[in-house]
Amino acid sequence: MKGIAPKLAVAVLGATFSFGAISAKAASHASPEYGGNLNIVVGSKIPSYDGHIESTFGMIHPIRPFYSLLIRENPDNPASPTDFVCDLCVGSVPAGTEGGTKFTFKIRTGVKFHDGTPLTSADIKASFDKVVNPPKGIASNRKAYFKMVEAITTPDAETLVFKLKHPSGTFIPAVAMPFNFIYSKKDLDANGYTWHQKNINGTGAFSFVEHVQGSHVHGKKNPNYHHKGRPYLDTYTALAAPKMSVRLQAIRGGRADIEFRGFPPKARDDLVKALGDKIKVQESDWNCVLLASPNHEVKPFDDPKVRRALTLAVDRQSGSKYLSNIAIVKTPGGIVFPQHPLATPMSELKANIAGYSDDVAASRAQAKKLLKEAGQSGLKFTFLNRGVDQPYKIVGTWLLGQWKKAGMKVDQVVKPTTPFYASLRKKGDFDVSVDFNCQSIVNPIADVSKFLPSAGNNYANFEDAKLESLYSELLKAGTTAEQTPLLRAYEKRVLNDLSSQVVTLWWYKINPHRSYVKGWKIAPSHYLNQSLDNIWIDSAEKKRQGVE
Amino acid sequence: MYTYIVKRMLMLFPTLFGAAVVVFLLLRLIPGDVCMLKFGGEGGYADPEQIKQCQELLGISDPKIKQFYDYISGFITFDLGKSMWTQQDVTHEIAIRFPLSLQIAIMATFVSVIIAVPLGVISAAKQNTWVDYIVRTVSIAGIAMPSFWLGIVIILGLLIGTQAWSGVPWMPPIFYKPIWVDPMHNLSQLIWPALATGYRYSSVATRMTRSAMLDVLKEDYVRTARAKGLIEKVIINKHALKNAMLPVVTVIGIEFAFLMGGLVVTEQVFNLNGVGKLFVESVTQADYTLTQSLVMLVVFIFVMVNFIVDLMYAWLDPRIRYS
Numbered sequence: 001m002k003g004i005a006p007k008l009a010v011a012v013l014g015a016t017f018s019f020g021a022i023s024a025k026a027a028s029h030a031s032p033e034y035g036g037n038l039n040i041v042v043g044s045k046i047p048s049y050d051g052h053i054e055s056t057f058g059m060i061h062p063i064r065p066f067y068s069l070l071i072r073e074n075p076d077n078p079a080s081p082t083d084f085v086c087d088l089c090v091g092s093v094p095a096g097t098e099g100g101t102k103f104t105f106k107i108r109t110g111v112k113f114h115d116g117t118p119l120t121s122a123d124i125k126a127s128f129d130k131v132v133n134p135p136k137g138i139a140s141n142r143k144a145y146f147k148m149v150e151a152i153t154t155p156d157a158e159t160l161v162f163k164l165k166h167p168s169g170t171f172i173p174a175v176a177m178p179f180n181f182i183y184s185k186k187d188l189d190a191n192g193y194t195w196h197q198k199n200i201n202g203t204g205a206f207s208f209v210e211h212v213q214g215s216h217v218h219g220k221k222n223p224n225y226h227h228k229g230r231p232y233l234d235t236y237t238a239l240a241a242p243k244m245s246v247r248l249q250a251i252r253g254g255r256a257d258i259e260f261r262g263f264p265p266k267a268r269d270d271l272v273k274a275l276g277d278k279i280k281v282q283e284s285d286w287n288c289v290l291l292a293s294p295n296h297e298v299k300p301f302d303d304p305k306v307r308r309a310l311t312l313a314v315d316r317q318s319g320s321k322y323l324s325n326i327a328i329v330k331t332p333g334g335i336v337f338p339q340h341p342l343a344t345p346m347s348e349l350k351a352n353i354a355g356y357s358d359d360v361a362a363s364r365a366q367a368k369k370l371l372k373e374a375g376q377s378g379l380k381f382t383f384l385n386r387g388v389d390q391p392y393k394i395v396g397t398w399l400l401g402q403w404k405k406a407g408m409k410v411d412q413v414v415k416p417t418t419p420f421y422a423s424l425r426k427k428g429d430f431d432v433s434v435d436f437n438c439q440s441i442v443n444p445i446a447d448v449s450k451f452l453p454s455a456g457n458n459y460a461n462f463e464d465a466k467l468e469s470l471y472s473e474l475l476k477a478g479t480t481a482e483q484t485p486l487l488r489a490y491e492k493r494v495l496n497d498l499s500s501q502v503v504t505l506w507w508y509k510i511n512p513h514r515s516y517v518k519g520w521k522i523a524p525s526h527y528l529n530q531s532l533d534n535i536w537i538d539s540a541e542k543k544r545q546g547v548e
Numbered sequence: 001m002y003t004y005i006v007k008r009m010l011m012l013f014p015t016l017f018g019a020a021v022v023v024f025l026l027l028r029l030i031p032g033d034v035c036m037l038k039f040g041g042e043g044g045y046a047d048p049e050q051i052k053q054c055q056e057l058l059g060i061s062d063p064k065i066k067q068f069y070d071y072i073s074g075f076i077t078f079d080l081g082k083s084m085w086t087q088q089d090v091t092h093e094i095a096i097r098f099p100l101s102l103q104i105a106i107m108a109t110f111v112s113v114i115i116a117v118p119l120g121v122i123s124a125a126k127q128n129t130w131v132d133y134i135v136r137t138v139s140i141a142g143i144a145m146p147s148f149w150l151g152i153v154i155i156l157g158l159l160i161g162t163q164a165w166s167g168v169p170w171m172p173p174i175f176y177k178p179i180w181v182d183p184m185h186n187l188s189q190l191i192w193p194a195l196a197t198g199y200r201y202s203s204v205a206t207r208m209t210r211s212a213m214l215d216v217l218k219e220d221y222v223r224t225a226r227a228k229g230l231i232e233k234v235i236i237n238k239h240a241l242k243n244a245m246l247p248v249v250t251v252i253g254i255e256f257a258f259l260m261g262g263l264v265v266t267e268q269v270f271n272l273n274g275v276g277k278l279f280v281e282s283v284t285q286a287d288y289t290l291t292q293s294l295v296m297l298v299v300f301i302f303v304m305v306n307f308i309v310d311l312m313y314a315w316l317d318p319r320i321r322y323s
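If you read the sequences in order, they're chains A and B. For the first sequence, this note's numbering begins at 1 and goes up steadily by one. For the second sequence, this note's numbering begins at 1 and goes up steadily by one.
Think of the hints as simulated: they come from the structure by calculation, not from any bench. In this text the structure is predicted, and so the values were computed from the model without any measurement. Ideal Cβ placement from N, Cα and C applies to all residues, glycine included. Take every hint as true, because none was put in to throw you off.
Partial pick of chain A residues on the chain B-facing surface, computed with a CB cut under 8 Å:
id: 1; residue: H216
id: 2; residue: Q249
id: 3; residue: Y421
id: 4; residue: S423
Bound-form chain B, shown alone (with noise of 0.2 Å):
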């Protein structure tokens, strides 16, 4: 087992050093700098001497070899570097929003869950009744519904919703609090797009836990346990579930990456100061340093979330043994 804990670890660096390079190339694809865009972005007079001597500050104009390897060394002596944008360093413009997009993480996977294993195993129990077609179409319905669009329609139902109610239209809170500073402004901001991704999320995790659990429910232990006589639900709590769970863990895994790496638009339509929307901003904006330590930073947590995902494949199922 731990010479399976140290193998993967050791996989990181190729996989790091792979995506660091893919997004360094990339991003030098793209024509025009940071400098245009902000010395001239807005349409105004533009010093061609104040564009150059911020593309030499900021190493713009310097070689792509030499580009790279401070790219890279920065990342080996973990000196993130500053953002081209802002001229604050990387680890402080991240750290400021990774606690949000952690929560929302947080929240929708917990969302997901909640829906997608009580629907997933309900709609399995009672395959081809109305039940199963209406769980059916509710999933289906949350995987063709952009978590976005989803998002601009619950804000719109707000809105409106509240000002027929109160004559007072509401809207959730636009600036972040953490939630031990203000846990009621924290909640009424973060409940809507946690929902709004959560939905979409826990449709494929239903989906998900309905056929594995058709699977498991032809086994022949679980005919066994019908046999002796077993109760239903115990059947499906004690003796299917678990086994049902393997595929589900492992597309909650992706998904809680997916959330960490930021809700690209999702954050944009709650205007959440996110990791998300600092994608955004960072490619829009040009600014390679921070976009490659964003890049670098949800490889990361992708390979690790995997990782946390395959231990624990063996903590659910018994018969599974790394070495």
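Excised from the complex, chain A in its bound form (with noise of 0.2 Å):
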């Protein structure tokens, strides 16, 4: 009887799946449908409404739907982290020309901003300028990452230019980051750098109508949307939701229909096991993977020997096994995003990489004899970890249990995030401290920058010339061919000639939606795929669902 019961889960959960899985496929083929309202519970608060300043998918999720971008992840194929289609260019995403140093893009003519004022590449240049190149004083979040770029002209009305110093293989997922908000050159020259904190006018699928601070946004749609034919919603809400339990009980109970962030697996089974065939799960890896970062100016851990064993100690493919079934990571993987073209197979991984080997025993037995000939048998040092459950305590835990299977005695300190950070980015107090590195676009080269030394969020403290002089080529590198000997080599560097930073495993989305809400695809970021204007109600499903 005891052995009965998770079989019989399982079969009940596949069955659900499977029927999710053929519903969804039947559904896929009817006409989306216009009307109606779709609400979003978002775990975040909005600090302001400026993308360029902003970093949070608490601005992002009930923000960007009023906004459009130059280019964006494809929303009819956003598990793709290579496919970027036009927004307010026309045509295809533009090639490089002259070396892969000028893009021209053509921009959409009869796109109008909320308050009526016609969009030209004025705007344009005026938002990537203020992204770019903001005047001092005013914040720009983003501006590391086009620091290619030379020159920013608007030949016409219709044309924009971009002249970069070298070729890059970061500018063209660096344009389409989620947070690159169009504004009207108008507004920011009547109104100021910071007025886009406080107001909203952009050409989005809608417009606004109201936000009450922690409580809601509400928008409604845009009847001049660039995109013809959509949005299909009349409105939507994105309400306030802190807590987890709460956001989750809400799609259970009718009040939401969708989170866009994720939940953990449990969570998602709780949803399907109460409601069945009313319920969607979407999955996906995530472009966010845990790392533990050694404090390479406290000793012993600026011993390369003592940081190898850490990594040596960990099996990553039990890892992924069981922790999934627990906590939001999965996959395995080295420094950049698994499913991204540039990544390095696992194969080569296993082949070639410290700690990534399937014979585990093998690995733990040279960790304990790098430890050795370091003088550090028997090695204790304190884990710093986040506050947070999903997935740093849970993965944290794991990975005390997995030192402690090559000989090292590690205590965990876990502090809320505030101090977290301080210890992290200005203290430097820790031995060996848990980290992430989260990205919305995937960019492999701009976001392996996290692993360089001179990095302002490389934790690790430690300086290294060759990491640095491959960075400098590889930003450089134009081509996918320049491109994959030097992040192999960087990702060498990092992971085993260094083992600067430990990399354990990529988390996991996991996006349950009530299944009614037809259209939205998953996409490997939380950030992404979130202008709405591809997501419909199905009405009939709705009403069979007693949704009011």
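Once you've looked at the hints, go ahead and assemble the two chains, each given alone in its own frame, into the complex.
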């Protein structure tokens, strides 16, 4: 009897998923329907409305639908990390000319801001000028992504040209970042560069209706939206709900239709168990990886042998198998998002990188040997962790067990977010700390800057000229053929030669939503595919589910 | 009496100043700041230049003494400043949440009183009978159960119960509409947290009512009333209850002040956009200006509620005179 219950549960879940998949497939043939309101639950607060300075999904989820971008991830194929399409430009995303140093965008005509002002290339230039070269005293959180830009020009009202200092593989993904809202030049000129922090005027699928701090944001359909026939929804409401349990119950109780950040596996299973075919689950690898950063300024972590022992002790394959049942992590990988063509295949990682081998016993034996050579047998240290369950505390606790198996004795100190960041960024008072690299658009060359010693968000506290030099070359590599060997060498330097940081597992995004929500497809980041212009409500299905 | 009121009002200032100093120092003891969280809290690239710029803009990098001066002078001039997280006026941030917290406090206090007073009186009147035992069990259970836990049970109960009954799970609304805009929406959202917290607080008040009533019922004047042949109902309602109310009013007053200070956890459970939730957010976001103002608001409410309770003593017991 004891063994039957789990088997039954698995069978029920399996059947439910199969049914969900079949229903979803059948429904995908249905024509989109107009009308209705989408209730979204959002687990974070809006600091300001200005995408150029903010970095939280708490702003993106409620505010992004009011704005357009020059280019964006393909909303019909957001799972692809390399498929970008025009939003305010026309045709396909331009390829670089003049040796990959010039990108000419043809701008849509007839597009209007919500206040009726027509959009021209000057508006897009003004917006990117604010991001790339903000005036003194004006913040821009993504300025560093555009260091390759030499000039932005507008030969005419329908043409925008980016001139780069050198070819760059990071440029197009950087332009497609969901934070690069296009503002009206008129607003910037008349009201200044901080006006958009508290005001909204975009060309997005929805126009702003209301925002009650800490409660909700309400938007209504933009009838002049430039993607003809869209959006399908009349309105949407983004409801603030910081507690995960509230967001989960809100979907279960019909108060919300969808949550875009993602739930842990248990929450997914609970929802599916409670609602059956009324729930559809979309899952994806997430452009977010959990790391352990040793502090190279603290002995014995200045010794590469000790750092290498840390990574050799970790069994990523079994970690993936078990942790993916309880935490929002799953896929083992290197420093590049595993689903990107530039990522190192697992077979190569297993063959070439310390800690990825299938022979875990041998890796751990080697870890013990290295510790002994370093005079650190039975190494004792403190692991700093962040006071957030998913996935930090769960993966952190698992890491302690992994290190213990290689003879290390590790204590864990869990700090709330604010003091945790102070330890990590300012005080550097840790031995080894949990760390993470979470990005929006998948932009491998920009994303791996996290591992660069000179990066502002590298907390391992070390210097390495070779790594800096490799990265400089990588930044100027214009083609995949040039980028791949450089990235491999960079990765090997980080993970093998220096073992500067320990890559654990990539996050895994799970989005259960009401099955009457149609048209939305999961992307590898919770910041992506948030324009809401492709979402529609299947009213018959909603009625069947008894949701008001 | 007027001298007493003026004295009590004047005592408000040193109390507020003391609280201001304590909260200012405690907040600065916590490492980290709002700018670090704002620009790097989600693990993406955080431009150190922008973090520095943010710290300068918000005055975080100013000397502590200047920060304290700005904070106190702001209070004196009724300028509470702007939230460091949202850049909205602190008064605006509090004002949009205050009506919800006030309504919850009133509703929960109402629930607490209508449960506590009758049960406490019945329990005292029926001392050591099965009625007394049941009331005491119910009140002890209320003290033992945290209101947020009860809140979670209520929500899960509603979801499971409604699904079993009608096939469609139902839960209370998760955003607030004022009662004058949509009474049904408002009450269907707020009745549940009011019940959860009201029951919790009624437990303390029930036990206080019971013990105060037991003391009063042993007084000579109650014995005299009985000897005169008055019926028990009259003795309890007219003679005993009013005199037993002094400690009960104190407890209810303190509870009301607690509720006004925000139901920190219960508001999270029911997703109420009230002062308690704002408190949690402001602390987790290291929003000094907002946290400082909220603490001062709670201190002010506590002092005022205690003051009103003291004045009510004189009304309840004519022997009490303030001079």
